[in-house]
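Asks: First to last, the protein sequences are chains A and B.
FYI, the numbering for the first sequence is 1 to 160, going by UniProt numbering.
FYI, the numbering for the second sequence is 1 to 278, going by UniProt numbering.
According to the in silico footprint, chain B covers these stretches of chain A (three or more CB under 8 Å from chain B): (1) 16-27; (2) 52-59; (3) 131-142.
By construction, these hints were calculated from the structure, which means they are not laboratory data.
Where a beta carbon is used, it is the ideal one built from N, C-alpha and C, also for glycine.
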Amino acid sequence: LTERTNLAGVRHILLVLSGKGGVGKSTLSTELALALRNAGKRVGILDVDLCGPSIPRMLRVQDSAVHQCDSGWVPVFVGQDKAIALMSIGFLLERPDDAVVWRGPKKNALIKQFVTDVAWGDLDFLIVDTPPGTSDEHISTVETLRPYQLLGAILVTTPQ
Amino acid sequence: AEVAELQARLRAVRHTVLVLSGKGGVGKSTFSALLAHGLAADETKQVALLDIDICGPSIPKMMGLEGEQVHQSGSGWSPVYVEENLGVMSVGFLLSSPDDAVIWRGPKKNGLIKQFLRDVDWGEVDYLIVDTPPGTSDEHLSIVQYLSATHIDGAVIVTTPQEVSLQDVRKEINFCRKVKLPIIGVVENMSGFVCPKCKNESQIFPPTTGGAEKMCQNLNVSLLGKVPLDPQIGKSCDRGQSFLAEAPESPATLSYRNIIQRIQEYCEQHHLQEEKII
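Just chain B, same shape as in the assembly (with noise of 0.2 Å):
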């Protein structure tokens, strides 16, 4: 009965992206928010963001949301609104104040979750992108668990490039393995620095081992892509605007964007095949 809760929840929703790492701060929230705006671009394209970082959450602050609740209708949960296409949904809109600890257990943490898939009213939603705390444990469980009533088209792997990153990762992409979730890729974050001033370029996390790109060959999986720092990106997220917005030109921009197209047209084919398996 439960399953057939969620699965009439999840049903409007064509396609389903979650975003892991297995190591904390590489940039999943980050990654998670741009993949929102960069889908939402297309005004015809409904686009929904699931936080379920329970302990951490970090989409409210870095969508422009801080301070906003969450609203009950008849028809459920609403998620908040960035746009009219991009609707938002995080245990952040919950707390009461913005330091509050959600110092939770496992169990407590599931019930959360489950209650955001079967309350939220999302309506029909084109894309819906889940980012999630570092690790593999409870919420990552429970998420693929109950998501399994709908379909995920797949996971984006964000990692920087030192070796302790790649560390957590490879366990995270034996977790997806594991769990049957299919790899879509992995985002290498962090990957160089280019000085606006001088243009050269520094390796601020060495990839001593190879980097994504020796990890993705090995382990193969495919590398979606790799984006440089840029500070821009911090200030852009701790002031909550859309970094593609705010720098248009940056190197870090253009990176995004290609990754955030080949999301999409994996996801396409990958309806494309379901339909003819229908």
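Only chain A is shown next, with the shape it has when bound in the complex (with noise of 0.2 Å):
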């Protein structure tokens, strides 16, 4: 019942994949959330890097702390109207240096409570940012997300 209750107001969900690394996905993901909030959409970024999350120092709050309510982890809020919702493994780290190396089923765990755990509320779009490659992150994140409003993918690249 939480499940359908934290994404079931979520409008559009956007994945932002590539496969290569560097390429400028959370980049995008960053810019894409400021523009479409800039035209007046209701706007959240999921950031499931687990290894290299970078969304929370693109927006400047990697020294952010999260918790929790009734019904999930609150997102933290960014941006100049402090309106742009954000989750990223990233405000869980007790210092930012930590490397998160974890094996693939402990990733697919917290991705899992991630995306269905959040308390995100009324979403125009929410926008999932992803790591490189084709692996468990990708994987857990399609299939937790399958029965909700997926838009689809944008794929980023660099020409060579």
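Assemble the dimeric complex from its two separately framed chains, guided by the hints.
Replies: The following block contains the structure:
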């Protein structure tokens, strides 16, 4: 019941993917969120890059802490008008230089929790930033999001 | 028994260097390929390049070996040879088409990495270079675990100057410390661009927090060198040619050569120290 509530208010879910690292997925996710917000939309960002979470720093909230409410994790609100909802594992690290050295099964468990336990509220767009590759994070994210309003994927590349 | 198998296979490997980052797209594979070429320039040295980036294996293309298949012989899997003294192994060789996605979870990836180490017949090797994917996950834990059967001289960590990269690289440095993997040093890639026409230097990725130099100072790690951007590097990689051979006069080539030499010196010293202990 909590699952339905947390993502039920999200109208469109967009995945930002690549395969290749360092092409600008996180940068694009951030800029897309800011642009959509500027256009008056209600926006959220979910950063499922567990090993290299870049979004908090890009939005200058790398020192934020997160807490829980009755319906789950409360996202961190960012942007000029503090209206973009952000959840990233970056917020759960005790020290920003701590490496998240986890094998697949543990990553999968956390992603499931992220996806279904964040109290997003009503959003027009939820942008999901992913790490490079086609592995655990990607499989788990798509599997967990499939029952919801998954609009599609944007693929980022560089010319070479 | 597994450990013994790995030990036996890797017994004839003198030096092992891991190329890591934490951050994607900073030039790990490019660096690994050029390190391999640079070391193999000495024809008396036998060099092996192992690509354990299972989702995004770049090494076959960079070494001009796309489309090559792996053959099995009585003594195991045969690496694909670029030169007589430079052999390569990558999951890329096992795919029927270069666009096939390898969508595997951790345990299956670990299995393949173990197989690479156990079943590839490298022969006698002076330098085994291991190119890794970005991150600090299954592949990295596994390779360190499996290679503990032999010894790893150390890790070379690649970064670009901007804080978004350094952030991930600091984690990688902590990972190395956690698993007791010695750090040979850090390479700052894409460090400035000199226009071939007007000779002005631009910082394409500005080091807003002091770049790799400051990070190395703070974390007490060696900075092996800085490599500038050169569009020829990307071209050579796409065409599977050695940039060092195609652009011998480039400032980037000079940087690479200096860095490769420092890595060699580190490995030789390491070896001497080990021999002293024995």
